[in-house]
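So the protein sequences, as listed, match chains W and B. Using our numbering, read the first sequence as starting at 1 and increasing by one per residue. Using our numbering, read the second sequence as starting at 1 and increasing by one per residue.
These aren't lab readings, by the way, just hints derived from the structure by calculation. For every residue, glycine included, the Cβ atom is placed at its ideal position computed from N, Cα and C. Keep in mind that the hints are not guaranteed to be accurate.
[Claimed, not checked] A few chain W positions that, by computed beta-carbon distances, are all more than 12 angstroms from chain B:
#1 A12
#2 R19
#3 I37
[Unchecked claim] Pairwise CB distance ranges (calculated):
#4 B:E117 - W:P132: 50 to 56 angstroms
#5 B:D245 - W:A80: 53 to 59 angstroms
#6 B:A244 - W:Q20: 55 to 61 angstroms
#7 W:G147 - B:A83: 41 to 47 angstroms
#8 B:A83 - W:D13: 17 to 23 angstroms
#9 B:R24 - W:A80: 29 to 35 angstroms
#10 B:P226 - W:R207: 51 to 57 angstroms
[As the list claims (entries may be wrong)] Covered, in the sense of this in silico footprint (three residues per stretch, anywhere, with C-beta under 8 angstroms from a C-beta of chain W), are these stretches of chain B:
#11 4 to 17
#12 121 to 135
Spelled out, the chains give:
Protein chains: 2
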Amino acid sequence: VRYRAVLEYDGADFRGWQRQAGRRSVQGCLEQALLDITGSPTTVVGAGRTDSGVHATGQVAHFDSVFERPAEELARALNAVLARDVSVRQLAPVVEHFHARHVATSRTYRYRLLVDEVRRPTERRRSWHVGPVDPAAIAGAAMQLIGKHDFGGFGTPPLAGGSTIREVSRYDVLLSDDSTVELVVQANAFLRHQVRRMTGLLVEVGRGRRGPADVASILAGGVAAPVRRAPPQGLVLEKVDYPADPAEWRTRSESEDMDAQRE
Amino acid sequence: VRYRAVLEYDGADFRGWQRQAGRRSVQGCLEQALLDITGSPTTVVGAGRTDSGVHATGQVAHFDSVFERPAEELARALNAVLARDVSVRQLAPVVEHFHARHVATSRTYRYRLLVDEVRRPTERRRSWHVGPVDPAAIAGAAMQLIGKHDFGGFGTPPLAGGSTIREVSRYDVLLSDDSTVELVVQANAFLRHQVRRMTGLLVEVGRGRRGPADVASILAGGVAAPVRRAPPQGLVLEKVDYPADPAEWRTRSESEDMDAQRE
Chain W
1 VRYRAVLEYD GADFRGWQRQ AGRRSVQGCL EQALLDITGS PTTVVGAGRT DSGVHATGQV
61 AHFDSVFERP AEELARALNA VLARDVSVRQ LAPVVEHFHA RHVATSRTYR YRLLVDEVRR
121 PTERRRSWHV GPVDPAAIAG AAMQLIGKHD FGGFGTPPLA GGSTIREVSR YDVLLSDDST
181 VELVVQANAF LRHQVRRMTG LLVEVGRGRR GPADVASILA GGVAAPVRRA PPQGLVLEKV
241 DYPADPAEWR TRSESEDMDA QRE
Chain B
1 VRYRAVLEYD GADFRGWQRQ AGRRSVQGCL EQALLDITGS PTTVVGAGRT DSGVHATGQV
61 AHFDSVFERP AEELARALNA VLARDVSVRQ LAPVVEHFHA RHVATSRTYR YRLLVDEVRR
121 PTERRRSWHV GPVDPAAIAG AAMQLIGKHD FGGFGTPPLA GGSTIREVSR YDVLLSDDST
181 VELVVQANAF LRHQVRRMTG LLVEVGRGRR GPADVASILA GGVAAPVRRA PPQGLVLEKV
241 DYPADPAEWR TRSESEDMDA QRE
């Protein structure tokens, strides 16, 4: 049976999503938990390959399992076995041609900036303290990034030589309270480090160190931007979208692998 | 010069506010930082004596220092020297009869409950996962706690035999999102463990295990409630209030020491 899972994790103590020998990864922990519960080796495929330190509240994954009792039982067993920094929020059987990464139509990430003059200890694990910035300038630059562009200046594709064209459909700049500016970005897929590089650029714009011309030239040039990427702890993978109609899940090629996000 | 400071800290790695030999406390860290900066031993007095693991975003403290340059310089120096889990949010000289604890007219605490069926890894350091509860039942019981009552059933006074009468002026139950119920309580002062015991009781009411009669009988009986106190990581000292008119800062007796909150 193929299962579709919605996962949440605190990225601080993981070396990212992807399984790596000798390093603690979210994928590795899930696969180990499934092995412990079912006795069968299981491969878990995630929609977004989040990087070391990046969090998720809405990561989506699929796996095939020999488990045959109700999905709620498997979810309960996983949440009992998994460490406290990862949990299965939803779990349901799904048709076999569902593929968490290939079928996804968009990913949504949120980045939390702390704009107080003074650092905030209670927020430090989930934000980047940048100090005062101009949110209007950030919003203007974020607007420039919306659309179908060559984002090669912001990151690398999953396969060397692959396309660096991606389509950003939304880039919201939210003033959630006096201390916090949240950047919510949605795209069909992201290049590796794209979100954190875009965030780094937007913060420089917000500090008045870069302007609209810099954003335009990085988008036009397609070369690696001399922009430091934002640190991982401010970033959360919030949502992965799929076509509502399962019939459309077949239409995307298995070989198409757009999402390289390792933020 | 006497200074008044507003402090923020992540309580996870502190054994509470109060200095104790051989244990890491917020007071101890501040006093050490002041000693490092000024070269003079300095005692820091906090408005609320938060307990091990409890956070603060608006703790208020006062201290007398030989430091004579502008307060902003001292704040900057403190924030450079202090560990990343504590910061000085505001610092200003204040008249010498200001006393952070004795002059305070109220304290406001916020407790964050997670009411999802499934635990949430990204919220675990700042909430208590209680699962589904009935917010309306909690709000009803919280209403019962508002007013001037003998809270002896919820905690102990700072000095053995001291008064256990306190006045709760506000107990809000906020549904901040699908996952979270926040309890915001304000009182002139709190007994030791009072907020966490009240929270524990409200959660039992929310689960249908206790009712209005239990709340009334604990308030009437004045004996220790057989209620487990809520864990510390969900609690934040948000605000301490003082009379707007500094003339009123003299009116409260130095010997009056109502606040024993060690949450």
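Hint-by-hint comparison with the structure:
| no. | hint | result |
| --- | --- | --- |
| 1 | A12 | violated (10 angstroms) |
| 2 | R19 | holds (19 angstroms) |
| 3 | I37 | holds (16 angstroms) |
| 4 | B:E117 - W:P132: 50 to 56 angstroms | violated (40 angstroms) |
| 5 | B:D245 - W:A80: 53 to 59 angstroms | holds (57 angstroms) |
| 6 | B:A244 - W:Q20: 55 to 61 angstroms | holds (58 angstroms) |
| 7 | W:G147 - B:A83: 41 to 47 angstroms | holds (44 angstroms) |
| 8 | B:A83 - W:D13: 17 to 23 angstroms | holds (20 angstroms) |
| 9 | B:R24 - W:A80: 29 to 35 angstroms | holds (33 angstroms) |
| 10 | B:P226 - W:R207: 51 to 57 angstroms | holds (56 angstroms) |
| 11 | 4 to 17 | holds (count 3) |
| 12 | 121 to 135 | holds (count 5) |
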